[in-house]
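Construct the entire structure; sequences and hints are all you get.
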Amino acid sequence: MKKQIPRLMIAATGSGSGKTTVTCALLKALMDEGSKPTSCKCGPDYIDTMFHSSVIGAPSTNLDLYFFDEETAKYLLAENAEKGDITVIEGVMGYYDGLGIDSTEASSYHVAKVTQTPVILVINSRGAALSVLATIKGFKEFRVDSNIRGVILNNCTASTYEILKKEIEREFGGRIRPLGYMPRMTDCEIESRHLGLVTAQEIYDLNDKLDRLMRQAEESLDISGILEVATEAPEMEFREPEIEPFDDVIRIGIARDKAFCFYYEDSLELLRRLGAELVDFSPLDDQILPEGLDGLYLGGGYPELYAGALSENESMKSSVKDALAGGIPTIAECGGFMYLTEAIAGHPMVGTLPGECTDRSKLMRFGYVTIRAEKDNMLMQEGHEIPAHEFHHWDCTENGSDFTAIKRNGRTWEAVTANDHLYAGFPHFNFWTDPEVAKNFYRACLKYKGL
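Numbering follows our numbering, in which position 15 of the sequence shown is assigned residue number 1469; successive positions increment by one, without gaps.
Just so you know, these hints were derived from the structure itself, not from any lab. Fair warning: this is a prediction, and the values are worked out from it, not measured in the lab. Just so you know, not all the hints are guaranteed correct.
Listed next, the in silico SDA-like pairs over lysine to any residue satisfying Cα-Cα at most 20 Å (straight line) [to be verified]:
#, residue 1, residue 2
1, K1490, G1538
2, K1712, K1771
3, K1775, I1708
4, K1567, D1599
5, K1775, A1797
6, K1775, G1746
7, K1594, N1578
8, K1567, R1629
9, K1457, E1694
10, K1771, G1809
11, K1457, A1535
12, K1816, T1851
13, K1771, G1746
14, K1901, D1776
15, K1537, R1727
16, K1620, V1586
17, K1829, N1873
18, K1903, D1702
19, K1591, G1548
20, K1829, E1890
21, K1893, G1837
22, K1663, G1511
23, K1893, G1781
Quick look at the structure:
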């Protein structure tokens, strides 16, 4: 199948260059000018997609070439693009940074290459002048098929941009288009924490910040030029996977609040396509689980920030504990796993699983892994492997031993508690890596329902 999808990628020379700020400002400006943008994020990041969603009012998704094969990534891009008239993809880290120090695999460049997406490079120009051109030249020419079509200068003044714009046009003769600048806007800076930015719902004045960014983007970005870059993207060819829904509907409870908010939206959408009804609930604010559930999904997030409130909600903890004791099929990833243990920072939690969680003040077992089942379980049979991701400062005294996590360098560790109705551990995964895993979860929910 082929589709014409207006699209572009906002990439950068490195982390901290302003990709998310520029992406959100652009999305907001496009909406203000009458477009209906959709958005994606390269890599496994949850938080940036939450900011995108806050802007466009619709789910933002992930494009990850470690999780997905190329055909799946192209399909998910095309599927998401159906909801709007232009797709903006935010890159990850530096443009060429991939799985390893010496690899471009799963990098923003890799995604742009596979999806044939034109790229606009964000350059943090603070403290630089003509050297900006050397940076552009290096990134443009590092790979012949870089797909870099334009640049946006971040942390740049209007007067400096006008000079550099002329130099860029003179040096590159149209091969690279200067597409505007964003000045330093300290009143719009977003606080960071160990996993990156704080989440969108934690910023009380986010809408005001987004409005200021939008007004600045409309003043200093070349929106029409950016749209031209997006419309120059070639037709994208992809294969649509065959996903047959089940005959019977199941209800899956999704923990979703300030403590639990890390989900891959495409994963949830796959469950819906299989026939599931997803019901949000809050372990923080609700007293008991929703009625009539056939499954539970406790995603990641920041339960450690709300450990006191989660611990004090005794009725919800009891409701969850009773449901698990009754065999309800449950996926609990990272923060969700922590919630099921005995305690987080001394605050008693659900207690279905042994172990206590403490802050290690550094990244634990960081990055992409492959997880291998060491025994048959709800999601897969012994020996089956899927790609996954760990990114956390907290650790548990009992991480489980029913899966083995394997790094590319050969390092391994025990991970996950799993049985015929439970997956609970730090590794996150995406159902689109292997839709059969989603189907197995669905089948377990049907069995629990008595079908």
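We went through each hint and held it up to the structure:
1. K1490 / G1538: Holds: K1490 and G1538 sit about 5 Å apart, inside 20 Å.
2. K1712 / K1771: holds, 17 Å
3. K1775 / I1708: holds, 16 Å
4. K1567 / D1599: This hinted pair holds, its Cα atoms lying about 7 Å apart.
5. K1775 / A1797: holds, 14 Å
6. K1775 / G1746: holds, 16 Å
7. K1594 / N1578: The hint holds at about 16 Å.
8. K1567 / R1629: Given that 20 Å is the threshold and the Cα spacing comes to 18 Å, the pair holds.
9. K1457 / E1694: Holds. K1457 to E1694 sits at ~12 Å (cutoff 20 Å).
10. K1771 / G1809: Status holds; Cα separation ~16 Å.
11. K1457 / A1535: holds, 10 Å
12. K1816 / T1851: Holds. K1816 to T1851 sits at ~16 Å (cutoff 20 Å).
13. K1771 / G1746: holds, 17 Å
14. K1901 / D1776: holds, 18 Å
15. K1537 / R1727: holds, 16 Å
16. K1620 / V1586: holds, 12 Å
17. K1829 / N1873: Distance ~8 Å between K1829 and N1873 Cα, so the pair holds.
18. K1903 / D1702: holds, 10 Å
19. K1591 / G1548: Roughly 15 Å separates the two Cα atoms, so the pair holds.
20. K1829 / E1890: holds, 17 Å
21. K1893 / G1837: holds, 18 Å
22. K1663 / G1511: holds, 16 Å
23. K1893 / G1781: holds, 18 Å
The structure meets every hint from the earlier list without exception.
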